[in-house]
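Student: Spelled out, the chains give:
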Amino acid sequence: MFFGKRSKATQQPLSAGTTDASKSDRKTNPFTPSLKTNLDALNQLLGHSSDLSSRSLGSPLAPDITMSILYLGDLVDDTKLNEHVLRPLLSSRLQSDLRSNDLVELIGERVIEIGSTSVSVSLNECADRLLEGYCLLLIQEAACGLLIDIREIKVRQVSEPSAETVVRGAQISFNESISTNLNLLRQILRSPSLHVEEMEVGSETRTQLALIYLDGVASSDTVNTVRSRLQAIQISSVLDSGYIEALIQDKGYTPFPTIKNTERPDAVAGGLLEGQIAIIVDGSPFVLVAPVTFFQQFQSPEDYYIRFDIATFLRLIRYAAFIISMTLPSLYIAVTTFHQEMLPTTLLITLAAQREGIPFPGLVEALMMELTFEILREAGVRMPRAIGPAISIVGALVLGQAAVDAGIVSAGMVIIVSFTAICNFVIPQLNMAIAARLIRFLFMLLAGMFGLMGIIAGVLAVMIHVVRLESFGVPYMSPLAPFSWSRMKDTFIRAPLQKLIKREPHKVFQPDNKQK
Amino acid sequence: MKQTRISNYQLALMIMLFMIGNTPLVGGGTSAKQDAWIVYLIGALVGGLFLWMLLILQRRSPEADLPELFRQLFGTWLGWVLVLPQGIIFAYQSSRNIRDFSDMTVMTILTQTPEWSIKLIIVALSLYAIWGGVQYFFRLAELLFPIVLFSYVFLILLIMLTGLPDFHRLQPVLGNGWGPILREVFPSMIAFPFGQMLTMLLFWKYVTPKDGLRSTTLSAYGLISLFIIFMKMLSLAVLGPGLLDYSTIPLLEVAQLIRLADFLERLDVVVTLLLVIGLFIKLSLLMLAAVLTISALFKLPYRVCAAILAPIIYGVCFLEPNSSVHEWIGEHIVIPYVIPGQMLLVVIAFLVGFVRKSGRQSTG
Chain A
-2 MFFGKRSKAT
8 QQPLSAGTTD
18 ASKSDRKTNP
28 FTPSLKTNLD
38 ALNQLLGHSS
48 DLSSRSLGSP
58 LAPDITMSIL
68 YLGDLVDDTK
78 LNEHVLRPLL
88 SSRLQSDLRS
98 NDLVELIGER
108 VIEIGSTSVS
118 VSLNECADRL
128 LEGYCLLLIQ
138 EAACGLLIDI
148 REIKVRQVSE
158 PSAETVVRGA
168 QISFNESIST
178 NLNLLRQILR
188 SPSLHVEEME
198 VGSETRTQLA
208 LIYLDGVASS
218 DTVNTVRSRL
228 QAIQISSVLD
238 SGYIEALIQD
248 KGYTPFPTIK
258 NTERPDAVAG
268 GLLEGQIAII
278 VDGSPFVLVA
288 PVTFFQQFQS
298 PEDYYIRFDI
308 ATFLRLIRYA
318 AFIISMTLPS
328 LYIAVTTFHQ
338 EMLPTTLLIT
348 LAAQREGIPF
358 PGLVEALMME
368 LTFEILREAG
378 VRMPRAIGPA
388 ISIVGALVLG
398 QAAVDAGIVS
408 AGMVIIVSFT
418 AICNFVIPQL
428 NMAIAARLIR
438 FLFMLLAGMF
448 GLMGIIAGVL
458 AVMIHVVRLE
468 SFGVPYMSPL
478 APFSWSRMKD
488 TFIRAPLQKL
498 IKREPHKVFQ
508 PDNKQK
Chain B
932 MKQTRISNYQ
942 LALMIMLFMI
952 GNTPLVGGGT
962 SAKQDAWIVY
972 LIGALVGGLF
982 LWMLLILQRR
992 SPEADLPELF
1002 RQLFGTWLGW
1012 VLVLPQGIIF
1022 AYQSSRNIRD
1032 FSDMTVMTIL
1042 TQTPEWSIKL
1052 IIVALSLYAI
1062 WGGVQYFFRL
1072 AELLFPIVLF
1082 SYVFLILLIM
1092 LTGLPDFHRL
1102 QPVLGNGWGP
1112 ILREVFPSMI
1122 AFPFGQMLTM
1132 LLFWKYVTPK
1142 DGLRSTTLSA
1152 YGLISLFIIF
1162 MKMLSLAVLG
1172 PGLLDYSTIP
1182 LLEVAQLIRL
1192 ADFLERLDVV
1202 VTLLLVIGLF
1212 IKLSLLMLAA
1222 VLTISALFKL
1232 PYRVCAAILA
1242 PIIYGVCFLE
1252 PNSSVHEWIG
1262 EHIVIPYVIP
1272 GQMLLVVIAF
1282 LVGFVRKSGR
1292 QSTG
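For the record, the sequence lines run as chains A and B. Here the numbering used here is used: the first residue of the first sequence is -2, the next is one more, and so on. Here the numbering used here is used: the first residue of the second sequence is 932, the next is one more, and so on.
Among these hints, one or two may not hold up.
What the hints assert, rightly or not - Now the in silico label distances, taken between C-beta atoms and shown as ranges:
#1 B/Ala1055 x A/Gly385: 31 to 37 Å
#2 B/Phe1229 x A/Asn221: 37 to 43 Å
#3 A/Gly249 x B/Phe1229: 26 to 32 Å
Because the hints were derived from the structure by calculation, they are not lab data. The structure displayed is predicted, hence computed values, not measured ones. Every residue gets a Cβ at the ideal spot worked out from N, C-alpha and C, and that includes glycine.
Could you build all of it, start to finish, from the sequences and the hints given here?
Tutor: Here you go:
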């Protein structure tokens, strides 16, 4: 219901950067010198909304002039409005003979005690700003209005990361506010070369987003690509960074994520330092990072905080877990149904004894258990917190133990499914874990039909697929394909930091220029 | 369309994977008994000469591939006629490899599965692999090479650890004189596997930078030839010349002998994996070569040509009634006549180019 159309490249960008650009394709209503007409026009623009408060006032500044102040009562900070806007206006010691537009400017410059004020001549802009929580000061005979930023933004407290936890390292995560997130990022990267470009996307939601990169480190080609793809977005609403991710990722259908999302400021900062580009979307605690390679999704920020040998070991374990979580159930199916001779005899006897009396063939048994587990996991995410323990009891005892006791599934299969599931949790990026889950089912079907050959064919097909993927011009499988020896130091292993800092940062995320 | 480029590194890996290909499947040089490895050695040396000639051909016109080269040397009409069989041979070889593949699978791990379905999967997979073009296919080699490398290292280590090889089985060296060796070398050993390097004529033009091309190709060829010779020696040392002659897939027999600590046994899986990857790369590269050649000849778009050729290749591998006929054709027609014929065409092209060049120099 919230999907808009992705624009063609030739279409004009809907909203880009500042308000000037966003005005360009709307019709601009100018102010009229009459205060009443202006008020009516604004009321009209805002649909006579009942939360639009207006108050007329007279200021000692210019006693014979009627002023009017407008704001949306739910969006403004009352203290700021009373203390720093109304009080200075009502008790101004200043006397002035200036009239109309000059008076507006004077008030903005010398009376209002708020950092951000601006004079606007467009009713549309004023309406937009009112919707953001600005208040608008209108003056009789002036064909402009003074916008004063007294927004009150409701934000959640910055909290610990919930999706990407680490043992060592900062325990802080982004929240839903773009300004908090920028703040967190700037606290880590106090460099003047950290460039932030703000934009607005979504004709209804007018969601703020920020494109962030380290100038001189990020490749300018990539920055331009990301910027132009952001500007080409045409959609009415953006409720999460997932919308932006889907709209700007490289074309092609793939279960593999070509844009990374993270809720950790240190992960984003690390990415920026390596030449990646971050996109913060207002309203989403998940910041997008691009371009990203396959292997990066197996790295956790913690890899760099702990000793290199331990980090290397953990990384290798993650890769192993990824492979296991994709292939283990299918290998089990292949071996038990096609290639029994491959198992050592004693193990084969144990397995065969378990499977005795199981009414289903291996493939059906595995599919059943895997689907059950997927349902359990989904239930775990969706259910209300209060009934959590019930699900675990039902899942573990009833489905696991009882199914084995009743002879519906074999104990070996339960072990396989559980181990596969646990392996899946090891992958730091949730998107990548989901890809492995999907591909697992494909492999299971192939194994059920062609045994080991089916799995090999499936693995080859996945390899052919990933080798063709690209993320903003960077080959997805780099640095393995195309191979880069220098980047191997931080792919499968994590070399000691002394070895890593020598590399030139901007060489890391260069798009494959050869293809241009 | 994006410009296709291959790095020297990718080229080297592809040459190695391509040359390993189905070599473990085909037991060449068996009539030379314990000197079979010498057959491979001489084959590699003569093949090296042929490769050197190919590289000269390539250097004369660095941006030309096989069809373009023939057009330049023989003119438009004759060049077209002479390239057509090359394309057909590539496609036919690709189809033979599919046959090898399904025969091997049915023999080793899937005894009950219908062959047509295995072949269909392989053709579909190859078509998918080459669908993206040369560039992505060569990238695939970079992903597969580590797997192949580690599997071979693992296998060789285990063979050594279990004490299976007995290098006395290689003695007496040259016990039967040079006669049987030379009979094996000419023409079959030169043709297969070493003569197949001529497929690279289609891909060299994509390599950038061109400076490293010669040394890369030659060193990759040298390395992989040494490896093939070593593997031959190893299987000779494990099985002995007699058993080697009877075994269909020598490497598989060797792997089946590995027993370590009552746990590591039945390593057929690893060998099968190696064979599958090797065959897959080989047949896909040959299919790619065929597609490139045919599409250049008939001025067809690349993907259209691929979509037409793949079903034809799939169909052709059903023509032989059984695997004995398949092997007989391989040993008695393809290796002694078809591939050498293909090589002969290239040699002629080389000579023509040589004559033309010297003619131009003497007149100019």
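Student: It remains to establish, for every hint, whether it holds in the given structure.
Tutor: Each hint, compared with the structure:
| no. | hint | in the structure |
| --- | --- | --- |
| 1 | B/Ala1055 x A/Gly385: 31 to 37 Å | 45 Å, violated |
| 2 | B/Phe1229 x A/Asn221: 37 to 43 Å | 40 Å, holds |
| 3 | A/Gly249 x B/Phe1229: 26 to 32 Å | 29 Å, holds |
When each numbered hint is compared with the structure, a violation occurs for hint 1 only.
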